[in-house]
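Q: Residue numbers (this note's numbering), protein chains in the order written: chain A, 1 to 295; chain B, 1 to 612.
Mixed in with the good hints there might be a few duds.
Stated by the list, open to error - Selected chain B positions facing chain A (in silico; Cβ < 7 Å): (1) E147; (2) A261; (3) V325; (4) L328; (5) L332.
No lab work stands behind these hints: they were computed from the structure. Ideal Cβ placement from N, Cα and C applies to all residues, glycine included.
For reference, the chains in residue letters:
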Amino acid sequence: MDVFLQVLANGIMLGGLFAIVSVGLTLIFGIVKVVNFAHGEFLMIGMYLTYLAVTGLGMHPFAALILVVPVLFLMGALTQRLLIQPLLAAGDHHIQIFATVGLSTALINLALLVFGADIANTPPHGLRMPVEIGPVRVLVGQVVILGVAAALVGALQLFLARTRTGRAIRAVAQNRAAAELMGIDVDRLYALTFGIGAACVGTAAVLIAPLYPTSPNSGTYFVLIAFVVVVLGGLGSIRGAFAGAILIGLIDSFTGFYVSSDMREVAVFGVFLAILILRPSGLFGRQLRQSHVSP
Amino acid sequence: MTRAPEEQTMTNIPPAGAHAAGSAASARRNLAAPTALAILLAALVVIPTAIGNPFVYHVFITICVFAGLSTAWNIVGGYAGQLSLGHGIFYGIGAYCGVILVGVGVSPWIGMFAGAGIAIIVAVVISYPCFRLHGPFFSLATIAFLEVFRVLALHFREVTGGATGLMIPLKFGWAWMLFRERLPLLAIAFGLLLVTLGVAWWMRGHRIGFQLIATRERESAARAAGVDTVRVRLAAVSVSGGLTAMIGTFHAMYLTFIEPAAMFSLTLSIQIAMFALIGGIGTVFGPLLGAMLLVPITELARGWLGASALGLHGLVYGVVLMLVVLFLPNGLMGLLARYTRPRAAPRATPGPTAPAAPRAERPPVGEDVVRVEGLQKRFGGLHVTNDVGFSLREGEILGLIGPNGAGKTTVFNMLSGFLKPDAGCVSVRAPDGTWRDPGSPGDFAAIGVGRTFQIVQPFAAMTVEENIMVGAFHRSADVGEARAVARETAERMGLAPWLDAEARDLTIGGLKRLEVARVMAMRPRVLLLDEVMAGINQTDVRRAIDLMLSIRDTGVSIIAIEHVMQAVMALSDRVIVLSSGQIIAQGRPQEVVRDPTVVEAYLGKEFLHAHA
């Protein structure tokens, strides 16, 4: 029983990790409707920045937030302005996919040139200390990640639901042309959304860096999982993504323990494919109703 | 209702002289392109043999391999428009199949085909459920499959050797595809490239290529034109997967060592797609150009700079990819086309030719060809079709009118297989006199029911001629015959001057005519026309009426949804009026328009009372 609870706790903690990485991607995917393959590289760059801040400036990892979050916000907004914006008019998904794949490839290799292939370990400052909660042991850093992920989801929900800008962002997501006709500056909102999405992943990077090794390829694994989570949660649904992340964390953890540790990815991607094919609107997404559309 | 005048008719007619200049240039182009291609291909063999340096050989063998992989990818990613980022699956299957079979004493020449066979099966099995996914979702699914394959290859280490990989046994000679010298390897790589290019080139010029591109551009229009979109896409992934696997087998023998991370690799899959994009996605020779340009960058960076430049070539790739996407979305081939091809100019003197040949005697109206009984359709709470039933007789024109939202297009969608009715049925009489109940758009097309779309659905990237050919291919698989039918149809529709123009360059009037031309090229027995006259000017309406009468006189039965009352009155033998999903009146046009229920449906009760 204790083992079961431990596996469950590990799954939830892993879910928190996936959630915090995916929140930003959900926002970008759901609103700008662009598949950002470079999302993982944003994470990787955030992790390197955290590493540099902690080792170079001797900051506490959490203090690195004030550096990493603005830098990533800027990166996101610039990516939208310079790379995605010119391609939106084309309306061709191929082109947008290639654009972010190109960005991803360039960033991975830039990191390889600058930092080399070696692994960078950010000093944990006590975040790798275990805490005992009842019968289970988890790391301090993991609990922080889960808490921050939940808080971030709540904050974004509030922002989108209650503020004027949030409402405008939702309107743009529903119908870009109509929003534009209502006087909303769509380009500015897209850049803002992309920036917020990147800032979210920056937050994730700061929290993840002390727990996981950083390398140029750190982002690749996370970005695939993040896409799984986003699709599972239903496009653009932030709460859905959170639930999806926890679910994927549990599947990962239970498969790893009860089946075989090297079959975890097969289970996760298997679930992903099944959802994608059988229920493309996601587990928690609402079906788009289009009653009368000429085929 | 008012539209800008230039939208209503095709007025963009360049001077007649453009024709002569265009044909001289095109003659030069006809020679220039194959010559350039032959020089490029010859260079792939001549340069390394002349230099004789093993490293140069290696670079050119790698170019051949990646150009081949990219060309094979392009059949799915370019022609069919399905952006696969999981082609490493097929490459890996070919590689593992070849190496494992060599281990038990089977020649890679046989292993190559075994790998291709397995790759084809895998391609069909994984692609079939993925076809309902569009855009990025398809790409994500292919990546997920790739990851699954990689992990499985790591897991089943008894077969694959797991993470430690597999070495091939060193047995030399042609039978084992292993040589001490480099020339035979280059010959095999080059041969595989030629085969792949040949297949890609053949496909592009034949029915399957047209159907693939039509499916990519507008799936619903392709289905209406009788294209079995699932079948052609499965054919494309099979060919592409098979060729990729064969090249994979060779590459494994060339590398002499394979491991899951390198074979089922996302980076490799992305690279393959990237070369095609940079060269020119969807073109026959673009992937070759892309690979020839980019592979040397990688290999030279690796060979000259070694470990110190780790990541340099990847950085260049990524930046080049972003720049191409931003500034050269049609790739190198697009750039070449911009400088070599004159803008598609009309071939003939201006002015759409009047289509109406002197009309033959109208054949008598025959027996029923279509019977519609008790059709019901609900969208959620909305009852859009309520017990609609009627019949269409041979050689008759039936007008279908009704206010906006009456459910006319929904009825059409059920008459052509795009929507399944909740209840009721649509029967069509086959040429042999038996009655059938077709289900899918393909069934309807096969039995001779053709339709147009209210919102025009051209295959935008294809020329007018190619658009019409897609319809003509419904009757004949022969390219020459389809082209002849397309030209003849274009002539009849007054589209002849625009045969070489891309469909996206036509005005709305031209696109409407193109819709009709495409469906006419299918030689349908029953024609469903959805508002073909909306938004075109008076002269064109007159011409369209003549055209429809001449179509009718060849024995085709027509159902026309139309708002242009002049046309409805002049054309229809009978008129059916639909309102809120129900038939409220039917009969001869003159009677129907005076029917008080009809007037009420269009103009409301108040109008009726005011005039009472």
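Q: Next step is simple, just say for each hint if it's right about the structure.
A: Status of the hints after comparison with the structure:
1. E147: Holds - the Cβ of E147(B) comes within 7 Å of chain A, reaching about 5 Å at its closest.
2. A261: 11 Å, violated
3. V325: Since chain A brings a Cβ to about 5 Å from V325(B), closer than 7 Å, the hint holds.
4. L328: It is violated, given that the least Cβ distance between L328(B) and chain A is near 11 Å, above 7 Å.
5. L332: Violated. Min distance 15 Å.
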